[in-house]
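Here the protein sequences come in this chain order: A and B. Going by my numbering, the first sequence opens with residue 120, and the numbers climb by one from there. Going by my numbering, the second sequence opens with residue 120, and the numbers climb by one from there.
Keep in mind the hints are simulated off the structure, nothing from the lab. Values in this document were obtained by computation on a predicted structure and should not be read as measured data. Incorrect hints may have been included.
Partner residues aside, some chain A positions facing chain B, computed with beta carbon under 7 angstroms [as the list claims (entries may be wrong)]:
no., residue
1, Met142
2, Phe145
3, Pro150
4, Cys381
5, Glu382
For every residue, glycine included, the Cβ atom is placed at its ideal position computed from N, Cα and C.
There are 2 protein chains.
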Amino acid sequence: MSSFVESIIINFIFVRNNNFEAMNNFEFVNPTKLIFGKGTIAHLGKLIPIDKKIMITFGGGSVKTNGVYNQVIEALKNHNFIEFWGIEPNPKYETLLKAIHLGREEKIDMLLAVGGGSVVDGTKFIAAAIPYTQGEEWELILDNSLAKSTIPLADVITLPATGSEMNNGAVISREETKEKYPFFTDTNFPIFSILDPEVTYSLPKFQIACGVVDTYVHVVEQYLTIPVGTKLMDRWAEGILQTLIEIAPDLRKEKPNYDTMCEYMLSATMGLNGFIAMGVEQDWATHMIGHELTALHGLTHGVTLAIVYPALLRIMKEQKKIKLLQYAKRVWNVEDVDIAIEKTENFFREMGLPTRLSEVKVGDDTIEEIVRRFAERKIVLGERHNITPDVVKQILQNAK
Amino acid sequence: MSSFVESIIINFIFVRNNNFEAMNNFEFVNPTKLIFGKGTIAHLGKLIPIDKKIMITFGGGSVKTNGVYNQVIEALKNHNFIEFWGIEPNPKYETLLKAIHLGREEKIDMLLAVGGGSVVDGTKFIAAAIPYTQGEEWELILDNSLAKSTIPLADVITLPATGSEMNNGAVISREETKEKYPFFTDTNFPIFSILDPEVTYSLPKFQIACGVVDTYVHVVEQYLTIPVGTKLMDRWAEGILQTLIEIAPDLRKEKPNYDTMCEYMLSATMGLNGFIAMGVEQDWATHMIGHELTALHGLTHGVTLAIVYPALLRIMKEQKKIKLLQYAKRVWNVEDVDIAIEKTENFFREMGLPTRLSEVKVGDDTIEEIVRRFAERKIVLGERHNITPDVVKQILQNAK
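Given only the sequences and the hints, what does the whole structure look like? Please build it.
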């Protein structure tokens with residue numbers, strides 16, 4: 120899986136860096152239109168041309184209890200649409216194939232994902248696979264460049280976390296072979312994304328915590344690396360972190376206020392849409408190690424990040440020290456790198472997530488297996504490509 | 120002019136706000152692709168399809184002395200292109216008409232602007248006017264919605280200041296009638312913009328100073344208003360201001376370093392591309408008053424902003440006090456609003472610009488004329504629409 124995850128590192132932020140010296144050269148583009156604010160789901164009827172045949176894709180059904188489903192159906196009452204239900208967390212190729220076949224049969228020409236990042240991810244693959252009839256759809260996953268066209272895709276995002284609503288990335292799993300691959304195409308940006316912060320009120324606190332930590336770690340993977348002179352991008356990354364820290368106490372309340380949910384939702388989108396990635400070095404080791412913990416133990420993505428990241432900082436402290444000190448001062452108002460790392464871990468704990476492997480019953484056997492996997496795949500991680508399997512072991516031991 | 124400038128306020132940042140209560144609902148889209156870094160002009164040959172007939176538009180000729188022209192011609196040596204020279208600062212309709220006629224005759228199907236914001240602005244109008252043959256081209260300026268299609272447009276930006284390289288706005292002047300109008304269409308975003316910081320080394324210090332102050336005031340017009348709970352956008356606006364302040368000493372050196380020019384160029388683009396405008400209140404009174412000073416005295420735009428903005432802050436201090444205190448603390452590390460205003464004015468002065476009307480020989484007669492114009496047009500300015508002609512007078516008197 121890791122070599123595929125590695126391709127995320129290269130592709131995910133729509134920025135291709137050239138060197139390790141001054142600010143890197145980069146390319147940036149993000150054509151997705153955001154429609155943000157309360158009541159915006161009602162705009163769907165105007166946003167989608169009336170002559171489109173739409174397939175609306177859903178997850179497991181929480182949108183039926185929180186009112187989102189009714190808002191969508193009401194907004195599209197004069198449109199021609201069909202529904203596809205059941206895209207699961209870590210969306211499965213097998214499930215998506217059913218949607219692809221249905222979409223072809225019904226000759227749909229527009230896709231609308233309504234749900235969290237997994238529904239949007241899965242719908243990105245459906246959008247690219249419907250027009251691909253010259254071979255098995257799985258070929259698109261193995262070679263993303265085969266995806267030459269795509270059904271136009273939009274979404275109503277209901278769980279701020281992955282940033283999928285404003286990027287062209289997806290991660291698709293295949294149950295049959297226990298594979299999990301990223302999927303990127305130039306045309307896979309949503310045409311528009313509706314972000315109504317009011318839909319987040321009904322999210323369980325655990326999901327909000329995972330969304331906040333996912334966003335936080337997306338940002339630091341693009342920020343807490345090695346200095347290449349990216350003053351403005353540093354400020355913007357710090358701005359997202361400061362905002363998350365500032366809204367955290369309100370997020371934990373029974374009913375957070377509307378502005379808090381706005382900041383949470385906007386931060387999640389801005390954390391992985393390329394806006395803070397211009398010219399910067401990137402890490403992504405925590406994500407890659409975390410994916411292994413999910414693969415082996417089914418741990419929620421945000422939980423794996425909360426566990427791995429503080430340990431990674433402790434082990435990689437020397438390499439990251441210049442940026443870590445800047446982070447300590449600007450984000451946590453302290454002068455000490457170790458205190459900043461401690462505050463980071465405490466922040467994740469205060470959000471309600473475990474930050475140690477022992478809390479989730481992961482022991483040495485799993486650590487050994489992860490180290491073995493990385494060694495077998497000859498993968499080294501991190502912004503300097505020096506997190507060898509041995510360093511991964513140190514990080515996981517440190518996270519116990 | 121002001122009612123047209125007012126439409127900038129509404130349209131310029133691609134964000135339409137709905138209310139004055141919590142964070143505003145907004146829409147955001149920006150499809151322009153940035154290609155950023157040294158040596159990127161050489162990518163032109165790959166970026167533009169070989170079958171395109173290109174018209175390259177230029178300003179007065181500085182690109183011939185600083186090497187940009189040669190780089191462009193070298194990159195496009197296998198392409199089919201014609202050149203149009205002479206788009207002036209505050210680009211004139213009369214000049215642009217010549218380009219429009221030439222473009223039609225030559226059946227061009229791609230435009231490439233090479234120059235500063237005025238060249239890009241002018242080329243946006245050329246792009247929209249070439250396909251408009253059902254009436255006089257000026258009709259597009261009077262009613263932007265008539266612009267239904269556009270010739271694809273890209274640019275190589277040589278003077279960071281206006282942000283035109285990553286937005287869909289332009290300002291067009293008509294010499295014959297002394298009119299000056301904004302021009303916006305949904306399709307007028309550049310397809311791509313090449314930002315090579317090395318081209319800025321040859322800029323005169325005065326132009327750099329004006330570019331920095333223009334960027335600074337673009338940002339504060341979107342930030343220093345009234346609080347509506349926009350934590351992340353505030354951080355990002357402050358991030359641009361902090362960056363400009365941090366790089367200013369190096370910018371004033373004989374040969375600034377490359378990273379400084381990167382930050383300057385990136386800050387100018389990010390200051391007016393909608394990225395910091397999501398959900399925020401906006402002011403723009405300084406721009407509107409400054410435009411009158413330019414119209415009456417031919418003052419450079421950046422100079423008018425450096426003069427008007429500190430005075431506006433002094434007069435509007437009470438209305439802006441909550442944000443001003445935040446600005447004082449976060450941007451200038453002081454606890455006092457008056458000191459922050461003083462530091463703002465000093466920053467403009469240290470960049471080398473005048474900050475008082477007396478320095479540019481503008482007296483009471485001009486102030487009276489500007490007040491008369493606003494009164495005649497029944498225009499009130501500012502984020503609360505309470506800067507009446509009488510308040511404009513107080514501001515200009517304060518700027519003497």
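How the hints compare with the structure:
| no. | hint | verdict |
| --- | --- | --- |
| 1 | Met142 | 5 angstroms, holds |
| 2 | Phe145 | 5 angstroms, holds |
| 3 | Pro150 | 4 angstroms, holds |
| 4 | Cys381 | 5 angstroms, holds |
| 5 | Glu382 | 5 angstroms, holds |
The structure is consistent with each of the numbered hints, conforming to all of them.
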